[in-house]
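J.: Protein chains in written order, with my numbering: chain A, 1 to 389; chain B, 1 to 389; chain C, 1 to 389.
Among these hints, one or two may not hold up.
Identical chains blur together in the list; that is why a pair holds if it fits in one copy or across any two.
Stated by the list, open to error - Listed next, the in silico SDA-like pairs over lysine to any residue satisfying Cα-Cα at most 25 Å (straight line):
#1 Lys366 / Leu124
#2 Lys366 / Gly135
#3 Lys248 / Asp183
#4 Lys248 / Val387
#5 Lys89 / Arg177
#6 Lys248 / Gly184
#7 Lys336 / Asn303
#8 Lys248 / Glu386
#9 Lys91 / Ser339
Since the hints were derived computationally from the structure, they do not count as laboratory data.
Read off the chains here:
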Amino acid sequence: MLLHNPIWVLCESFEQQKAKQHNEWNIYKPLIALVFQDVHVMIFIGFGFLMTFLKRYGFSSVGLNLLLAAFALQWGLIMQGLWHLEDGKIKVSIFKMINADFSTATVLISFGAVLGKTSPVQLLIMTILEITIFGINEHLVAEILGANDVGASMIIHAFGAYFGLAVARMLYRPALRNSHENDGSVYHSDLFAMIGTVFLWMFWPSFNSAIAESGTDQLMAVTNTYFSLAACVLSAYAVSSLVEHKGKLDMVHIQNATLAGGVAVGTCADMDIGPFGAMIIGFVAGIISTLGFKFLTPILASNLGIQDTCGVHNLHGMPGILGGIAGIVAVALGKKNGSAAMQGAALASSLGFALVGGTITGLIMKLPFWGQPPDQNCFDDSIYWEVII
Amino acid sequence: MLLHNPIWVLCESFEQQKAKQHNEWNIYKPLIALVFQDVHVMIFIGFGFLMTFLKRYGFSSVGLNLLLAAFALQWGLIMQGLWHLEDGKIKVSIFKMINADFSTATVLISFGAVLGKTSPVQLLIMTILEITIFGINEHLVAEILGANDVGASMIIHAFGAYFGLAVARMLYRPALRNSHENDGSVYHSDLFAMIGTVFLWMFWPSFNSAIAESGTDQLMAVTNTYFSLAACVLSAYAVSSLVEHKGKLDMVHIQNATLAGGVAVGTCADMDIGPFGAMIIGFVAGIISTLGFKFLTPILASNLGIQDTCGVHNLHGMPGILGGIAGIVAVALGKKNGSAAMQGAALASSLGFALVGGTITGLIMKLPFWGQPPDQNCFDDSIYWEVII
Amino acid sequence: MLLHNPIWVLCESFEQQKAKQHNEWNIYKPLIALVFQDVHVMIFIGFGFLMTFLKRYGFSSVGLNLLLAAFALQWGLIMQGLWHLEDGKIKVSIFKMINADFSTATVLISFGAVLGKTSPVQLLIMTILEITIFGINEHLVAEILGANDVGASMIIHAFGAYFGLAVARMLYRPALRNSHENDGSVYHSDLFAMIGTVFLWMFWPSFNSAIAESGTDQLMAVTNTYFSLAACVLSAYAVSSLVEHKGKLDMVHIQNATLAGGVAVGTCADMDIGPFGAMIIGFVAGIISTLGFKFLTPILASNLGIQDTCGVHNLHGMPGILGGIAGIVAVALGKKNGSAAMQGAALASSLGFALVGGTITGLIMKLPFWGQPPDQNCFDDSIYWEVII
Chain A
1 MLLHNPIWVL
11 CESFEQQKAK
21 QHNEWNIYKP
31 LIALVFQDVH
41 VMIFIGFGFL
51 MTFLKRYGFS
61 SVGLNLLLAA
71 FALQWGLIMQ
81 GLWHLEDGKI
91 KVSIFKMINA
101 DFSTATVLIS
111 FGAVLGKTSP
121 VQLLIMTILE
131 ITIFGINEHL
141 VAEILGANDV
151 GASMIIHAFG
161 AYFGLAVARM
171 LYRPALRNSH
181 ENDGSVYHSD
191 LFAMIGTVFL
201 WMFWPSFNSA
211 IAESGTDQLM
221 AVTNTYFSLA
231 ACVLSAYAVS
241 SLVEHKGKLD
251 MVHIQNATLA
261 GGVAVGTCAD
271 MDIGPFGAMI
281 IGFVAGIIST
291 LGFKFLTPIL
301 ASNLGIQDTC
311 GVHNLHGMPG
321 ILGGIAGIVA
331 VALGKKNGSA
341 AMQGAALASS
351 LGFALVGGTI
361 TGLIMKLPFW
371 GQPPDQNCFD
381 DSIYWEVII
Chain B
1 MLLHNPIWVL
11 CESFEQQKAK
21 QHNEWNIYKP
31 LIALVFQDVH
41 VMIFIGFGFL
51 MTFLKRYGFS
61 SVGLNLLLAA
71 FALQWGLIMQ
81 GLWHLEDGKI
91 KVSIFKMINA
101 DFSTATVLIS
111 FGAVLGKTSP
121 VQLLIMTILE
131 ITIFGINEHL
141 VAEILGANDV
151 GASMIIHAFG
161 AYFGLAVARM
171 LYRPALRNSH
181 ENDGSVYHSD
191 LFAMIGTVFL
201 WMFWPSFNSA
211 IAESGTDQLM
221 AVTNTYFSLA
231 ACVLSAYAVS
241 SLVEHKGKLD
251 MVHIQNATLA
261 GGVAVGTCAD
271 MDIGPFGAMI
281 IGFVAGIIST
291 LGFKFLTPIL
301 ASNLGIQDTC
311 GVHNLHGMPG
321 ILGGIAGIVA
331 VALGKKNGSA
341 AMQGAALASS
351 LGFALVGGTI
361 TGLIMKLPFW
371 GQPPDQNCFD
381 DSIYWEVII
Chain C
1 MLLHNPIWVL
11 CESFEQQKAK
21 QHNEWNIYKP
31 LIALVFQDVH
41 VMIFIGFGFL
51 MTFLKRYGFS
61 SVGLNLLLAA
71 FALQWGLIMQ
81 GLWHLEDGKI
91 KVSIFKMINA
101 DFSTATVLIS
111 FGAVLGKTSP
121 VQLLIMTILE
131 ITIFGINEHL
141 VAEILGANDV
151 GASMIIHAFG
161 AYFGLAVARM
171 LYRPALRNSH
181 ENDGSVYHSD
191 LFAMIGTVFL
201 WMFWPSFNSA
211 IAESGTDQLM
221 AVTNTYFSLA
231 ACVLSAYAVS
241 SLVEHKGKLD
251 MVHIQNATLA
261 GGVAVGTCAD
271 MDIGPFGAMI
281 IGFVAGIIST
291 LGFKFLTPIL
301 ASNLGIQDTC
311 GVHNLHGMPG
321 ILGGIAGIVA
331 VALGKKNGSA
341 AMQGAALASS
351 LGFALVGGTI
361 TGLIMKLPFW
371 GQPPDQNCFD
381 DSIYWEVII
């Protein structure tokens with residue numbers, strides 16, 4: 001059994017820093033424990049409750065989120081361990097547990113695209129395939145290309161979104177073109193979703209800094225993300241009010257687009273882009289994301305057959321690409337060691353693996369024996385849960 | 001006044017380690033602050049919201065949870081201080097505040113068994129008596145028997161559950177044999193309960209590692225609990241789907257049985273059982289707990305007169321005993337210094353004190369002047385709260 | 001651009017301690033990161049959900065809270081930076097980010113007083129003015145008077161409350177004298193509010209200890225706040241039950257008065273007042289706060305034209321003054337270096353700036369072109385949000 005008898009190492013990959021930066025090392029260990037808890041909260045509370053906005057799909061949103069994440073982190077640890085065997089064994093550390101949460105995040109992003117239209121078995125199959133493909137792309141981007149992506153704009157957010165969109169395209173349901181009666185929110189379901197939004201917003205600096213290489217890089221990633229998110233809130237509110245009837249705000253925009261700044265600053269989070277640079281990235285991300293929800297999502301659904309339940313294209317897809325491009329520019333400007341070409345290759349690789357992998361995965365999920373719900377039972381907990389009305 | 005003029009020591013019981021393990025010591029202090037916050041969140045958000053599943057008893061669940069916990073931690077600090085007087089004074093430290101939260105947990109577990117059927121005054125009496133008896137048993141188990149129970153499967157979970165069940169037996173209400181109209185959930189109350197479930201699930205590794213003796217033990221407890229919980233989720237979902245009509249999931253199982261892995265791995269959490277060992281414990285706990293909710297709870301209510309509102313027997317009782325037995329086996333296999341016989345004695349002592357103490361406490365709570373609610377007002381906030389319908 | 005090219009310093013103002021207290025320094029950095037996260041949760045989840053108690057104003061409560069806080073922390077960093085320019089630049093650190101959250105807290109307290117009766121534009125104007133005036137008073141209290149106020153009873157809580165009450169007085173609406181149909185809670189909105197209450201309650205020790213000068217002071221502030229809050233819960237429940245019909249509890253009291261102990265112990269949090277002293281302060285605060293909600297708030301509204309939606313006078317105003325007075329007494333008794341006269345001057349300054357600043361701000365907010373909602377649309381999300389009923 002590969003998992004047996006691991007050596008319990010807190011954070012082995014930073015061991016080397018110990019000699020060099022003795023003082024910093026002393027503070028690093030507790031910080032990684034803190035950061036791990038924050039990422040864990042984002043995965044289980046953040047993603048779980050963000051998806052409870054649907055009026056009759058709250059049990060599945062938070063419940064299947066828990067099931068998929070608990071399964072995904074085990075599978076992610078095994079996949080990761082197979083890439084990095086030590087003495088023929090998989091060793092476990094807090095650092096690897098953070099990476100397992102990261103691979104889990106890709107699955108939960110894709111889950112958002114197909115929310116309400118898939119069975120638990122289909123989702124478990126998607127989890128197995130997506131984490132495997134994620135592992136290949138991550139190895140390529142980080143080890144072969146040597147690209148920077150500390151906050152994972154490319155390898156988690158863009159990858160997860162376009163993977164999910166490709167799956168959604170394969171599972172296209174013509175009968176849902178005219179919107180389903182349960183594909184919407186009620187007052188209290190939107191408040192539950194805000195629990196998810198706010199926890200994601202608060203802890204995103206930990207996400208983007210979790211795998212930074214040094215304490216200094218980590219601190220920079222925290223601060224850049226903090227500024228990007230703050231600026232993003234302002235542009236998301238402004239644009240939501242501008243595009244809506246009578247200057248009103250739309251809860252869908254607030255729940256999602258306020259987070260786009262965290263996605264978009266991911267790749268550059270540990271680069272010396274300055275607070276002003278981070279705020280520009282966040283501000284632009286908030287605009288793009290809100291406009292995407294308003295104008296692009298309906299077009300994708302009606303013209304391209306991509307039915308994106310949570311609008312992951314607007315929260316993770318476009319802001320993820322923006323993050324990748326910002327990373328290319330920042331490296332070209334010398335804000336971090338690296339090659340702009342390799343950054344570009346990393347973005348292309350992430351999109352390519354996502355689209356091809358998602359298409360194949362979607363085809364497999366479409367096989368008729370996985371218990372996919374019929375159209376009229378979409379977005380409804382009662383098909384998979386005992387629900388008392 | 002005993003409480004006056006304490007010396008503020010962060011973590012005195014670990015002072016001795018300082019000389020030996022200088023490097024580790026430096027990181028220990030912040031970790032204990034982090035762990036304390038996590039345990040605190042479990043007590044106040046976790047337990048509080050877990051019990052909000054009842055449709056008309058949410059105010060009492062989260063509100064009385066706050067009242068009982070705030071009272072219990074003060075009483076717990078005094079009880080604990082009297083066992084460990086220093087220069088005739090009670091000294092306070094973060095470590096003791098964690099222990100106070102631990103003693104509080106026993107009360108909140110018992111609260112779950114009698115939820116909806118007791119007055120606040122009855123619950124305060126239960127708090128005083130239960131924490132006192134907990135203190136005696138804890139002293140016996142830890143100091144006299146020298147048994148291992150780092151995550152407190154025996155002294156908190158099994159103790160709290162069987163104490164509460166004994167109280168529930170004493171307060172048996174024949175009129176509630178045919179279930180009460182308010183003894184159930186509605187859609188949104190189940191979502192509130194999931195807030196509690198998910199915070200308990202995420203922070204349980206901190207609970208099981210909070211009083212570990214060294215940083216290495218603490219890390220092992222974190223990781224073992226993490227694996228046990230992940231495996232437990234899978235078995236709880238699988239069994240819930242197997243035993244329910246048409247393969248559906250039951251929210252009661254998901255809210256509770258997914259946590260049984262945290263309970264069951266408690267005693268062995270700091271032992272070198274390996275991730276595989278931890279996963280087996282969690283997997284079995286998820287099965288036992290779900291089956292208990294489905295089949296055992298109705299039998300306890302109808303045949304033995306034990307009306308267990310939250311099913312604490314399934315979440316804390318049986319998994320706590322499983323944890324105790326796993327501890328006996330692990331010590332017998334040499335996974336930790338100790339005596340299997342003493343582990344067995346600790347389990348027996350915890351169950352004995354719980355059953356006897358709970359029975360006596362239940363008899364006292366049954367006295368007619370504590371304002372116990374009449375049968376028709378059970379599970380209803382409006383008897384103790386100003387409620388606008 | 002002032003914000004450009006900052007030097008990223010984790011906690012520069014404590015650098016000096018490094019030489020003196022080498023051992024403590026090593027643990028300080030991670031603690032400040034932990035404390036920052038806790039304060040952040042209080043600002044965004046705590047304040048945001050505490051205000052969701054209104055039946056039709058949940059979107060605005062948590063949504064505008066996010067908007068105002070994201071805006072306020074940026075403005076707060078600039079204001080703070082201008083007071084403390086270094087080489088002509090604004091430098092950013094975790095310590096300054098905590099202070100930015102603190103200045104944000106004053107705005108959110110004032111927001112509570114005018115909740116439901118103001119437009120987003122009015123609130124953004126209030127944010128700009130209040131944070132500017134807060135910066136002046138804070139500079140005066142801390143630098144010129146040299147007063148102690150570690151947990152900010154005076155400069156945040158009393159200041160924010162009386163600022164908001166002065167604004168509310170200026171925006172007095174005679175038509176709302178007989179209460180508005182939406183100015184109240186429903187069952188589930190009260191449960192959402194309890195999420196805010198419990199997170200504030202749990203993390204208040206971090207708030208009061210966040211800017212303590214040393215690790216020892218920080219620990220004392222944590223423990224004093226912990227005891228004050230625990231005692232406050234008991235008196236708030238007791239008094240709520242005493243003053244309500246048939247001994248019932250009122251959810252408004254529980255949501256708010258249980259927190260008054262955190263406010264009132266703020267100024268003395270890092271003083272050697274002992275657990276018993278802290279508990280007395282918290283116990284008294286719980287009594288005053290609950291009585292204020294029951295008896296004083298209606299009088300303020302009907303006789304003085306101060307319509308205080310959330311009752312911030314009871315949670316932040318009176319307990320803040322109590323905290324200031326407790327600080328005068330404690331300094332006079334030698335519990336901390338300082339001058340009782342300067343403590344008194346600090347309290348007077350905070351109240352004076354609040355009342356004058358709030359009055360002027362309220363007059364500016366009253367100008368007719370900020371989109372203030374008409375009386376019949378108060379306390380109703382649908383004027384600013386797309387709401388599906």
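J.: Quick check: which numbered hints come out false for this structure?
T.: Hints 5, 7, 9 not satisfied by this model.
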